[in-house]
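Build the full structure now, drawing on both the sequences and the hints.
Residue numbers (full-length UniProt numbering), protein chains in the order written: chain H, 1 to 910; chain P, 1 to 606.
Treat the hints as calculated values from the structure; they're not laboratory data.
Among the clues, some could well be false.
BS3-like, lysine-lysine: derived pairs with alpha carbons at most 25 Å apart [said to hold, decoys possible]:
{"id": "1", "chain 1": "P", "residue 1": "K32", "chain 2": "H", "residue 2": "K468"}
{"id": "2", "chain 1": "P", "residue 1": "K32", "chain 2": "H", "residue 2": "K515"}
{"id": "3", "chain 1": "H", "residue 1": "K492", "chain 2": "H", "residue 2": "K46"}
{"id": "4", "chain 1": "P", "residue 1": "K500", "chain 2": "P", "residue 2": "K277"}
{"id": "5", "chain 1": "P", "residue 1": "K428", "chain 2": "H", "residue 2": "K204"}
{"id": "6", "chain 1": "H", "residue 1": "K204", "chain 2": "P", "residue 2": "K572"}
Heads up, incomplete: computed chain H residues facing chain P, CB under 8 Å, no partners named [as the list claims (entries may be wrong)]:
{"id": "7", "residue": "D508"}
{"id": "8", "residue": "N694"}
{"id": "9", "residue": "P730"}
{"id": "10", "residue": "E731"}
If you're wondering where the values come from, they're calculated on a predicted model, not measured in any experiment.
Each residue gets a CB set at the ideal place from its N, CA and C atoms; glycine is no exception.
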Amino acid sequence: MKKNIKIFMFSVVLSVLTCSGWAQTDSIPTNSEELYKDKIDIAYGKQDKQNISSAISTISGQELVKGAVSNFGNTLFGKLPGLFVYQGSGEPGSDSPSLRIRGSYTAPLVIIDGFERDMTNIAPEEVETVSVLKDAAATAIYGMKGANGAILITTKRGRIQKGTIKVSLQSGVQTPQATMGVLGATDYMSYYNQAAVNDGLPQKYSAADIAAAGSSPRYPDVDWQGLVLKDYTNLSKANVEFLGGSEFVRYFVNFGFLYNNGIYKPENPDFKANPNVLRMNIRSNIDVNITKSTLFSLDLAGSINRNVYPADNTSRIWTSLLTLPPNAMNPVNPDGSYGGSSIYLNNPLGMLETGGRNTAMDQFLNAGFRLKQDLDVITKGLSVSLGYVLDNGAVNSDGNWRYFVVKQIAPGTGDDYNYYSYREDTQYNQWSNASSTRYASFDADIRYKMPESNGNKLDVLLRAQSDKQYRANSDLSPYLTNNYGARIQYSKNDTYLLEVAASYFGSDQYADGNKYGFFPSVSAGWVFSNEEFASESKTFTYGKLRASYGINGYNRYVNGRYPFEQFYTGGGGFPIGTNWSWFGGLQPGMLANEDIGWEIAKKFNVGVDLELFGNISIEADYFLNKHSDVLTIDYTKPAVSGATLPYENIGQMTDRGFDFKIGYASQNDGFNWYADLMFSYYTNTIDEMGEALNSGELEYLNKTGNSNTAIYGLESIGYFESDDDIQLSPEQTFGTPRIGDLKYADQNNDNIIDSRDMVVIGDWRPNMDLGLKLGFTWNNFDAEAFLQGQFNKDINLSGNAMAQPFIHGNAVNEIVAEDGFPTLSLSNMNNYQASSYWIRKGDFVKLRNFELGYTLPETTVARIKMEKARVFVRAVNALTFSIWDYTDPEYTSIGYPPMKSYLLGVNLNF
Amino acid sequence: MKKYITYQFKFIAFIAIVFTLIVSCEQDFLEKPPASDVTIDTVFTSSSNAQQVIFSLYEDTYFAPNNIPLNWWGWIGWQSWSEMAEDMYFPKVNWTKHWQYVDGTMSSASSQLYPIGNLFAAVRSANTYIEKMNEIPVQSASDQTYINQMLGEAHAHIAYQYFKGFRIWGSLPWINTRLEGGEEAIPRMPFEALIDSIAGRLDLAASLLPEQWEDRWTGRFTKTAALALKAKVLVYAASDLYNGPTPSYASGYEHSEVLGYGNYDQQRWQRAANACKAAIDAANAAGYALYDAAGKEKNIYTLAINRTSEHILYQTFGIYNSGSWNYAYTMMNWPYGIGWYNRADIAYQPTFQHVDGYQMSNGKFPIEGYEGSDGTKPNISQAGNDAGYTDQNFAKDRDSRFYQNIVYHGATFGEGYNDKLINFDLDKSVPDRTHGDWSGFKSGFMARKFVNEALGESSAITYQPVHPIIRLADVYLLYAEALNRANDGPNAEAISYLNKVRTRSGMPDYDASNYKGATAEEQFQNAIKYERRVELYLEANRYFDLRRWKNGDDLEVSFTGCAVNNGVVSRKDLGWTNKWDDRLYFHPFHNNWVNNTPGLYQNPGY
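Structure (structure tokens):
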């Protein structure tokens, strides 16, 4: 009876947790025994999953390879609850996404094999696991680096086994995920005339002009994108892995190769300006047992990137592609020269064919050495290890660029063309540049893993680490930090878990006496399924409750180094004297803030890990993160001092939300299917930002209290319907309004619409992320689909040239043709103010990857001396579902769009 | 048991040793490396370091007169005071901050042409020098002199910043120390005290500054510059906007002491006249003189593109080649098809009303106003009719400064290498037209002043632009104005200084009968008004002159341009009216400043 009451109480507590939206979940498709005995990567070590009481989500590298195209970050979409991945551009070499953990305002710490490193140059095939450390307990030991969470990447290592060779080859095509259609000449001229009439000007184009569009070089009708962009471009990857080892030595050696080609069509035989990346990765992780109790590890990783891109910057090329009026000029004139005019000098064809090209050769070499000594002779379970890391990076870039002449056909008739010419052909200007970075770190730790007795497990870690980082060639002030950490993990009967961790962390960024901070955390867990009352439950085959609280820091380098001193910097100056010599001035920099310190995040987390019926796994977390001491300028101070005010630790923000993962895996023979659902949600509020607060009527202008990713603008309340309407409405100050123009709300009732009527009109960062994985294996076939979606995303088209026809030239045709598009004008900016009219829902779901594989029967492959042979087809980002379909919902600015790709590949194991 | 204790002891000892080792070798790891940084303590270790603090004050950000826009980007380039005067059509209206100054929507949320933060930053730098100069180790007697001269510059810059500030906003908080950047609430100083403070600093500066700098330092504040600036400040302060009762639109404003004196006192004009005379005497002694070397047809054009003996205080620029975008004013105001520039988007387009304003070469006005202030319907004066004026030959026999300030249909351009006839015909069938059919080219006129025609010959010609802040002709006109107001009419001295300026450009002497006005004083004042308009065109004076004279209404104009169709000149309405509102006599402070700065009272009407 008592037992039943306990079970009942539990169910109640759990239901409450779940229903109130706190609970979260997570799963990995295996049975419980394997699942919770798994070792999970934690900061500086591994831990049995069942003994973890902090919030950590993990995924294996194998999973990531499936979504892998050219950039490691892009494999993480929706895969890990709590981690938000935001797509960037698709240009080869510039395609890193931005990562945020649980709504934090800045990027997380990235740790590769124990040290802070850049994830851009790692190949997914090298990765064993990726863990996301979400709560304070998981990151406490990182001290001043943990406040924004951490991503822990662990590369593969050798094992005691017969050597295997794994080869994977894949090749395919890629094309933009969405196309952007701009107006053709006929539409452009018709709309232009309409806009001119609206402006009270005569129509510019006659009916004959419009009819003649495209008929001769005098009447160009240019589809710039069609002319300059290929339909698709190619992409190839290869990877060879050697893994094996003996008692004495174990190895993992990997070679990777990537060729990622750009989408531009024009080619100049002398130099190819089409952007492309050629990357080679090499990694060798060797473990050697020097003595029975001494382990030496040597990790070497190198990558060479050759990145080619046009001399003209991407933004200018795409601005031209999308906004050049289709009738403004010929791409190439009848005399072979490039078309152009005084206003339109940027001929994209010319820019790519003859404008020049840049090359950047990046070389990275990371070397890590570690010596680990078991000290069982002193005490059983005691060990020490010493590590040293030296990472070097070098970027050698060079390029050439020039101006080229463009010509405009002079007015006239017939095929006899005269030209006006603009600019002159210049010689190519050559440039080159070399830069380098260096990172060195030394660490030492002592571990004591007490032999288990009476169900008591104790694991103690003490460590020290010093980092020195040179971010530029001649950096006279390297970035220095010291970290002393300790962690004690205790568990009783694998049922009651307690973990205490802390760091004493120092940074050279702060004044003497103020350099070190203390960052403690505590977490506890209760595996209730191990209790007697639950041991027979068929429902809860596994169940754990956990909670954590701790203080993390963020050593933020804001506005340069050593903010506790005021520096004078060169600035200003003037030419002087009878021979106009230039004399430079000195200007005071930001005022010193001697009390400046690190930012703080106090994090609370509760979570539950469950396994139901032996095949459904759930991992769920609720969090409340209070950021304080955020560095911001105190704008409440009077500024008549004329000084540049310093950053001070006064900002405060709150992030809260939840994330969960639910997994299911069937356990049949033959046909097996599995599914994972990941979900993450957060909200962000600015509690204090040093704002000079408006009071009374203007209180609504204050940004304090809003999300830090809010979009501000005017509230559009429809259109002007009549002249009376215009006369009677508050005065709009952005150009003379006319009938059909946007009308804005006068928030402060002062009868003028200006920047004081700006309110929150949206939020540009989606705060809800969903991932859904579905897959099955059937005999020799396997298939998997991964869907990811982001919600509560507002697209802001204000200021986007693509939405402003004739202001910048051409525009996206769906927008111009939109029902409700305000009155067209050639110059009136009234409608193009930041306003709610330009805020569009950007929620989307994408099919991030889809893969179908066939594994050849073992008997067949054995004949050709292989262990495994598998062929597959893979589609990455193949489908997008969104209300917003004018452009890619994730990339609405003018630039190189993100790509989707289709690949064919093989996996061969020897 | 014993064994266990031994283990424990070993264990603890081991940890202690390892950590002691680690901690001891990391003792100084986090020290900041030996400084090669420049801090306030290293700046004031020699006069050659400290002078850089002074140099920074001459940077465009703080020092520029903002008379014309320089390019299409950057805070300094998109805006100028000339765009706000009434005689310029500026087609890229939506691109610049000047829009809100002329469309009547200026508010406390508007961005400022001269950000007040720049003003206080410059004042801080100057105060820093004043505070720290005594710490500079003196190397020699001449070093001591130099350190003192720079003290004079520091005082002069403070005065210059407050001069820039009070003509925009009225009085401001007077900051005379290097503040900590904290909580000080320093209220706006009463206007009268502010003017006295500025004048006091300039007297101090004049006593410290050299008459002329040695050649390598030419361009810095001189004694004459300090006295000329003082003269200009006092003439401004004596003008009707400040020297009189609080403007009626501001009645009830509780801080009216920051707007002006609150009463009229003619002695202020005498004080201004004395200051002008002192400046002129100092200028004569130091070798400044009206520039007259290029001939009366070319003097003004030439001094706008070269540094001359007349430049007392001026903004200098680096050495640019003609193709440089860093000084794009030239190429933004260039007729199409002449030389190598081929831009069609003309930035500065003088209006027909401005052209109408020029006297004929005989000193008489051809146009005397408009029917119902409609610029397309000019009233031709008796003198105009006598001279046979029609719109068709508007460019015949005008003040020589008209030809030097304006490019018009029928002018020549590109002297020395092209000498092309300007043809602004709108009819596309007319050959050799010199505009690019750009829809924004509306007024049919271009600016010639400050446009260096020589640059069109090739893209490799180098050029060092110079923009006057105060030149001698300005001081002469201020002197003449002050004498006229101090004596209820022009005395011989006043007339002679006006005539010096006119004679230099080949214009006949002052003839009161050519000017409107009920009294001799008013007639002469109108002559000053005319002279400042054409002589100081595009030198950032017009907008401020009209405001200090309380002639704000003159700033409200519906622009008229010149259309040429197949050679026939007609007037056209440009469809734009510059608006004026009395509250623009004192511009608003930005909301943020009012919110966080107690004592920075908002001006009336915002």
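Each hint tested on the structure:
Only pairs whose Cα atoms come within 25 Å are accepted, and K32/P paired with K468/H is accepted, the gap being roughly 13 Å. With a CA separation close to 11 Å, the supplied pair K32/P and K515/H stays within the 25 Å bound. For the suggested pair K492/H and K46/H, the alpha carbons sit about 18 Å apart, so the restraint of at most 25 Å is met. Between K500/P and K277/P the CA atoms are separated by roughly 15 Å; this keeps the pair inside 25 Å, and the hint holds.
A threshold of 25 Å between alpha carbons decides the hint, and for K428/P with K204/H the separation of about 14 Å falls inside it, so the pair holds. Restraint check for K204/H and K572/P: satisfied, since their Cα atoms lie roughly 19 Å apart, inside the 25 Å limit. Because the smallest distance between the Cβ of D508/H and any Cβ of chain P comes to about 4 Å, under 8 Å, the interface hint for this residue holds. Annotation: N694/H was flagged as interfacial toward chain P, and the flag holds, the nearest CB pair being 6 Å apart, inside 8 Å.
Among the interface hints, the one on P730/H is violated; its C-beta lies about 11 Å from the nearest C-beta in chain P, farther than the 8 Å criterion. Hint status for E731/H relative to chain P: holds, with the closest Cβ pair at about 7 Å, below 8 Å.
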